[in-house]
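**Student:** Protein sequence lines correspond, in order, to chains A and B.
Numbered by the numbering used here, the letters in the first sequence go through residues 6 to 83 in order.
Numbered by the numbering used here, the letters in the second sequence go through residues 15 to 497 in order.
In short, the hints are calculated from the structure, not lab data.
Now the stretches of chain B that chain A is said to cover, found in silico as 3 or more residues with beta-carbon under 8 Å:
{"#": "1", "segment": "300-309"}
{"#": "2", "segment": "314-322"}
Under 7 Å between C-beta atoms, here's a sample of chain B residues computed to sit facing chain A:
{"#": "3", "residue": "Tyr-155"}
{"#": "4", "residue": "Thr-290"}
{"#": "5", "residue": "Ile-325"}
{"#": "6", "residue": "Tyr-361"}
Once the Cα atoms are required to be at most 30 Å apart in a straight line, the calculated DSBU-like pairs of lysine-lysine come out as:
{"#": "7", "chain 1": "B", "residue 1": "Lys-294", "chain 2": "A", "residue 2": "Lys-76"}
{"#": "8", "chain 1": "B", "residue 1": "Lys-162", "chain 2": "B", "residue 2": "Lys-186"}
{"#": "9", "chain 1": "B", "residue 1": "Lys-323", "chain 2": "A", "residue 2": "Lys-81"}
{"#": "10", "chain 1": "B", "residue 1": "Lys-184", "chain 2": "B", "residue 2": "Lys-294"}
{"#": "11", "chain 1": "B", "residue 1": "Lys-87", "chain 2": "A", "residue 2": "Lys-79"}
{"#": "12", "chain 1": "A", "residue 1": "Lys-76", "chain 2": "B", "residue 2": "Lys-318"}
{"#": "13", "chain 1": "B", "residue 1": "Lys-184", "chain 2": "A", "residue 2": "Lys-39"}
{"#": "14", "chain 1": "B", "residue 1": "Lys-369", "chain 2": "A", "residue 2": "Lys-39"}
{"#": "15", "chain 1": "B", "residue 1": "Lys-194", "chain 2": "B", "residue 2": "Lys-463"}
{"#": "16", "chain 1": "B", "residue 1": "Lys-316", "chain 2": "A", "residue 2": "Lys-81"}
{"#": "17", "chain 1": "B", "residue 1": "Lys-186", "chain 2": "B", "residue 2": "Lys-159"}
{"#": "18", "chain 1": "A", "residue 1": "Lys-54", "chain 2": "B", "residue 2": "Lys-316"}
{"#": "19", "chain 1": "B", "residue 1": "Lys-194", "chain 2": "A", "residue 2": "Lys-76"}
{"#": "20", "chain 1": "B", "residue 1": "Lys-208", "chain 2": "B", "residue 2": "Lys-454"}
{"#": "21", "chain 1": "B", "residue 1": "Lys-323", "chain 2": "A", "residue 2": "Lys-54"}
{"#": "22", "chain 1": "A", "residue 1": "Lys-39", "chain 2": "B", "residue 2": "Lys-186"}
{"#": "23", "chain 1": "B", "residue 1": "Lys-295", "chain 2": "A", "residue 2": "Lys-39"}
{"#": "24", "chain 1": "B", "residue 1": "Lys-278", "chain 2": "A", "residue 2": "Lys-76"}
{"#": "25", "chain 1": "A", "residue 1": "Lys-79", "chain 2": "B", "residue 2": "Lys-157"}
{"#": "26", "chain 1": "B", "residue 1": "Lys-295", "chain 2": "B", "residue 2": "Lys-208"}
{"#": "27", "chain 1": "B", "residue 1": "Lys-294", "chain 2": "A", "residue 2": "Lys-39"}
{"#": "28", "chain 1": "A", "residue 1": "Lys-39", "chain 2": "B", "residue 2": "Lys-316"}
{"#": "29", "chain 1": "B", "residue 1": "Lys-318", "chain 2": "A", "residue 2": "Lys-81"}
{"#": "30", "chain 1": "B", "residue 1": "Lys-106", "chain 2": "B", "residue 2": "Lys-295"}
{"#": "31", "chain 1": "B", "residue 1": "Lys-464", "chain 2": "B", "residue 2": "Lys-295"}
{"#": "32", "chain 1": "B", "residue 1": "Lys-369", "chain 2": "A", "residue 2": "Lys-54"}
{"#": "33", "chain 1": "B", "residue 1": "Lys-323", "chain 2": "A", "residue 2": "Lys-39"}
{"#": "34", "chain 1": "B", "residue 1": "Lys-157", "chain 2": "A", "residue 2": "Lys-39"}
{"#": "35", "chain 1": "B", "residue 1": "Lys-405", "chain 2": "B", "residue 2": "Lys-418"}
{"#": "36", "chain 1": "B", "residue 1": "Lys-87", "chain 2": "A", "residue 2": "Lys-76"}
{"#": "37", "chain 1": "A", "residue 1": "Lys-81", "chain 2": "B", "residue 2": "Lys-184"}
Bear in mind the structure is a predicted one, so any value in this text is a computation, not a measurement.
A virtual CB, placed ideally from N, CA and C, is assigned to each residue, including glycine.
Residues per chain are reported as follows:
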Amino acid sequence: MQDIISRLTPIMRRVFNDPNIVVNNELSANDVEKWTSMTNIVFINEVEKEFGFTFHFTEIMDLENVGDLLKVIKNKTS
Amino acid sequence: MVFNSLQYFIFFPSVAILYFIIPVKQRWKLLLLASIIFYLSFDPKFFALVLFSILSSFYCGLKSDETTDKSKKKLFLYLSIWSNILVLCIFKYYNFFAESAQGLLNVLGLDVSPYLLNIGFPIGISFYTFQIIGYSLDVYYGKCKAEKTLGIYSLYILYFPKLQEGPIEKTKNLLPQLRKEHTFDYERVTSGLKLMGWGLFKKLVIADRLAEFVNFYFDTQHESNGFQALIACYFFIFQLYADFSGYIDMARGASRIFGIELLKNFNHPLFSISLTDFWKKWHISLYEFLYQYVYNPLVFNKRKWGNNKSIIFTIFITLTISGLWHGASWTFVIYGILHAIGLIVEYLLTPFREKMREKVPLFISRTLGMLLTFNFVVLTMVFFRSGSIEKTWNILKAISEIKKTEIGIYVFNNIGTSWEFPLSILFIMILLSFEYLQMKTDNYLSFHKKIPLLVRWLIYAFFILVIIFFGVLTKHEFSYAQF
Chain A
6 MQDIISRLTP IMRRVFNDPN IVVNNELSAN DVEKWTSMTN IVFINEVEKE
56 FGFTFHFTEI MDLENVGDLL KVIKNKTS
Chain B
15 MVFNSLQYFI FFPSVAILYF IIPVKQRWKL LLLASIIFYL SFDPKFFALV
65 LFSILSSFYC GLKSDETTDK SKKKLFLYLS IWSNILVLCI FKYYNFFAES
115 AQGLLNVLGL DVSPYLLNIG FPIGISFYTF QIIGYSLDVY YGKCKAEKTL
165 GIYSLYILYF PKLQEGPIEK TKNLLPQLRK EHTFDYERVT SGLKLMGWGL
215 FKKLVIADRL AEFVNFYFDT QHESNGFQAL IACYFFIFQL YADFSGYIDM
265 ARGASRIFGI ELLKNFNHPL FSISLTDFWK KWHISLYEFL YQYVYNPLVF
315 NKRKWGNNKS IIFTIFITLT ISGLWHGASW TFVIYGILHA IGLIVEYLLT
365 PFREKMREKV PLFISRTLGM LLTFNFVVLT MVFFRSGSIE KTWNILKAIS
415 EIKKTEIGIY VFNNIGTSWE FPLSILFIMI LLSFEYLQMK TDNYLSFHKK
465 IPLLVRWLIY AFFILVIIFF GVLTKHEFSY AQF
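Using the sequences and the accompanying hints, generate a full structural model.
**Tutor:** As structure tokens, then:
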């Protein structure tokens, strides 16, 4: 999981324009000012590019926090 | 039986006392019975309609869960969603579509007069239809199991605290709570009572007081004094917020007493620093529904167009639906479209806004953002409240032509001779102070407990006295009940 977090951190900092973001399981859109409905799709696209897979819509439709996203990424990369 | 009626003040305590007397296992049945009585108290003739919605979505959910055949699952999903959308369209939008078509045909020279329905409006239909759509999609996508007990599912749709004006509940939040057994908890019950009290204060003392000014202007005076128009427009945002959030507080407080926590619907939206921020804080349950079931699938589907095109297209569609959800009128559609344009402009200007924010102190950029957002919302709310494009135009025209003499006349008539206007301003200040305090205090409840008991009770007594002496006790409907 640590490997995924270290690859996710620069993406989140870049997309949400916040160099202080510390990625952890509980982090959610409520904690990051620029994580909005608009930037979320940009973020999803960047994650797909970084990890080399495509999400299915049902996998991301009800993600509540980064912990949920990490689980999906782990499933798709393992 | 609206929340601010005498009937409800007898109904609710009776249900709450009975709830804690009867065996724990039977409590959901009492809530279902109470919810049916609550529904019937509005307009019994529509009960068959809500029953149809419940049975169709319940049956389709069960059938969808039973089969592994994807095409059958899709069939049950479509059946559930479209049968309920059809009901919503007939009862809420038929006249709007018919009149719009008539207007268009008249422009083309064809004189038609369509048959219009005059049968009233089923209570809470926009709210529970969206809840049913959310449930059907959750079952279809395997996000939750279909509810097997018809009684529990009926309660999920009819649950009286949220029936009339929401929040639009999420399956995973409300359904599991209805299945749980809830015992008496002193802290929880008193916390629920306080929330109900605060909601009642907002409704009777702030919203209904401001409604006197707002209704007077919008319903009778909309072509006169420009300064009066300006005051009415600013008062309306506070009235609507106090009214709707007051209802939600009363709903959440009542439900908390039963041990069922409803979704939060507002997060201090009057202090939003951008329009994007506003939509994360205003009518959250509608925003989250649209985000999850409209915006997200659409933007995901269209992302091959590129980030900007897909986002702009999806914002436009989502916010237009949001406008139309509020009411069957072009003014609501324009309200939605204006917010869509605002959000798109905000999105496209992000790099510029970032640069500006780096150049000016944070406090200034936030205050500017807050003022811009607030005024934009006030402006768009004129469409929301006015009821017709012509009236909106007259109001905006009157505001743009304010004369100094008009200000003088208004001040003389409303401030120099009556307490009503200064009192309204005072209550708006109280609302804003409490909102600010709640926003700045991470854990409001623990802060509240630090206040000495005697002082706390004095504050409660003060608020009760204010409700008695300054509340508008003539029964005003809640604004969002019409949706």
